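Please build the complex by placing chain B on the supplied structure of chain A, with the hints as guidance.
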Amino acid sequence: MNAPRVVLVGILCAASSAAAQNAQDMAVRYAIPASPAFKLVSVNETAILRPASFQQLTTALSNFTDKKQAFQLPREWGIEVAPVFMAKGRHLSASDYQQHPTLYRFRISAAVKRSESNGVNDVALGFRFSPVDKSDPRSNPDYVSGITALLTRVNQICVARVTGPDGSRNPELRPNATVGPVGAVCDNDPAIVTLNKQIKAFKDAWADSSWNKSQVQFAFAAHAHASDSLGRDPEFASAVGWFSAAKSIGTWGQFTGGLNVTAKRDTLDRQNRTTATGGVGFYTGSSKYKAFFESEIARDDTVTVGSAKLGAEFFLTEQFWGHLTVGWQSTGTDDKGRLVTRLTLSTNFPLKVTP
Amino acid sequence: METIQFKRDGGPLFAEVRSGFGHPGSYTLILWEKASNAKAMQDKVGNFMNTNDDWYELPGKAAEHDGRIVEAFVTVAPPRGEKEYFVALRVSQDDILLREISFSGSTDMQSITIDLFARLAV
Numbered sequence: 001m002n003a004p005r006v007v008l009v010g011i012l013c014a015a016s017s018a019a020a021q022n023a024q025d026m027a028v029r030y031a032i033p034a035s036p037a038f039k040l041v042s043v044n045e046t047a048i049l050r051p052a053s054f055q056q057l058t059t060a061l062s063n064f065t066d067k068k069q070a071f072q073l074p075r076e077w078g079i080e081v082a083p084v085f086m087a088k089g090r091h092l093s094a095s096d097y098q099q100h101p102t103l104y105r106f107r108i109s110a111a112v113k114r115s116e117s118n119g120v121n122d123v124a125l126g127f128r129f130s131p132v133d134k135s136d137p138r139s140n141p142d143y144v145s146g147i148t149a150l151l152t153r154v155n156q157i158c159v160a161r162v163t164g165p166d167g168s169r170n171p172e173l174r175p176n177a178t179v180g181p182v183g184a185v186c187d188n189d190p191a192i193v194t195l196n197k198q199i200k201a202f203k204d205a206w207a208d209s210s211w212n213k214s215q216v217q218f219a220f221a222a223h224a225h226a227s228d229s230l231g232r233d234p235e236f237a238s239a240v241g242w243f244s245a246a247k248s249i250g251t252w253g254q255f256t257g258g259l260n261v262t263a264k265r266d267t268l269d270r271q272n273r274t275t276a277t278g279g280v281g282f283y284t285g286s287s288k289y290k291a292f293f294e295s296e297i298a299r300d301d302t303v304t305v306g307s308a309k310l311g312a313e314f315f316l317t318e319q320f321w322g323h324l325t326v327g328w329q330s331t332g333t334d335d336k337g338r339l340v341t342r343l344t345l346s347t348n349f350p351l352k353v354t355p
Numbered sequence: 001m002e003t004i005q006f007k008r009d010g011g012p013l014f015a016e017v018r019s020g021f022g023h024p025g026s027y028t029l030i031l032w033e034k035a036s037n038a039k040a041m042q043d044k045v046g047n048f049m050n051t052n053d054d055w056y057e058l059p060g061k062a063a064e065h066d067g068r069i070v071e072a073f074v075t076v077a078p079p080r081g082e083k084e085y086f087v088a089l090r091v092s093q094d095d096i097l098l099r100e101i102s103f104s105g106s107t108d109m110q111s112i113t114i115d116l117f118a119r120l121a122v
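In order, the protein sequence lines correspond to chains A and B. Residues 1 to 355, numbered by the working numbering, are exactly what the first sequence covers, in order. Residues 1 to 122, numbered by the working numbering, are exactly what the second sequence covers, in order.
Please note that the accuracy of each hint is not assured.
Pairwise CB distance ranges (calculated) [as the list claims (entries may be wrong)]: (1) A:S95 <-> B:A38: 28 to 36 Å; (2) A:S42 <-> B:N50: 40 to 48 Å; (3) A:K288 <-> B:N50: 33 to 41 Å.
If you're looking for bench data, these hints aren't it; they were derived computationally from the structure. Keep in mind that this is a model prediction, so the values were computed, not measured. Note that beta-carbon positions come from the ideal geometry of N, C-alpha and C, so glycine has one too.
One chain only, chain B, in its complex shape:
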């Protein structure tokens, strides 16, 4: 599993979900507790009609996120005649991008759902 390293004593962590090629789409952002099926926050459900609201502050102090898993399920639909897609989950701290977990590909399907996730670690 990919790891996103952050500063224990830094500012809050932010997660952002993105879709490329101007594709519309929808997503669910989940924050899992360390090695547990419990969730550290309520699932965030959103879409790409307004990118201003695709940023989410992960609740609590940064140090609390050590070992947690941040996950995004992103569903997109290329317009008819197009196939390529790109989706990404980005984690930032103190206005610095720590890491981007992304996936790109092409599909003949009407919609495609991609699972993006990584472990947060100090």
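Pulled out of the complex, with its shape left as it was, chain A reads as follows:
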């Protein structure tokens, strides 16, 4: 058995053989990336747009100009939208969303990156579907009813404040009455300040409880080399399909399973190679501190590799998370695999400037 190698701060020790390196390359996580296209074409986080409305989208696109103020796509950019949600946006009621959550959760991602050296554009397009997502607050009856109860209390107090202590003041007779946010007369009311703190605590508790909620998701993304940023004359580079499912166990655990199939064109012999990866996992703990077991097996035309590991994830600060794993990884050769230990520190600093 190989001696364990300790990895610090995300630096991975180099594989000792070509087979071991291949095993590392093939160990593609089955978890669906948040934006499938960005997984295939790596785009700087600051170049990614995530507009929630057409207004945000047009504002962001208005920044895509050259020195003469003509429209020009940047060398590197990405976009992710929920198109149906964005199209319906202002006219989307809570009950509409609850009746068709899969439709409104559907997301498209696209990424373009132009090489400085040869002018080739890497373009990728991705689609993500979430038929089941118990962590989605809009489609969860407990979240909706809980927060509605708090908002009803805020509303009642605010109405009493605005329409006068006797509850009767017509806007015609109310000085400075305007359509819009009620403002300080309600926002600074002590009872409403307290209720807003309760609302924040409710939202935070919901977010903390979402880590192990049940989900079913699948996604697809394709990557091509193109002659321009609009994807003309595309040449296939790779395509990936994902499926993942998670089942919650009370408030303390979660089972996960997933499958990933990747087809990739070899740049040397121009042959397409297909890799399939499947895995299962179990997690227990809380949002900030959890232990887990994960296992994966990956297979392509030439080799099958596998891994199994125990690990822990722990919250340090809002910007730093730690991960510790100890596990076994096969190399796809005749040896018995190797023991790998890894300690990494992840950061969560906001990089994207929203429009």
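Chain B alone, transformed into the frame defined by chain A:
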């Protein structure tokens, strides 16, 4: 103040309160008498958990509403990580939308209450 014109001899008037972006929320719908602090109907208190019950017939014949003020206080809370909101007060007659009084914006606050109102006139 915005004015919503309607037909004196048309059918009853209906008021509807809406919240966009799928946000949950609560509202109070008020119908004021003309130039008075008296109310023409009991306040309607509702929420957006079921949009089927966010339609309200304004009591009485259409002509009686001339000069009255229809008002809605709408309180919404975008989920964590979101800021945009949209709320609207819509008045209809004979299945025709007469006018929509709306307001949209973004907020960092946990909840926001918006005042929407308009005068009804023939």
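Numbers of unmet hints, in rising order = Structure breaks no hint.
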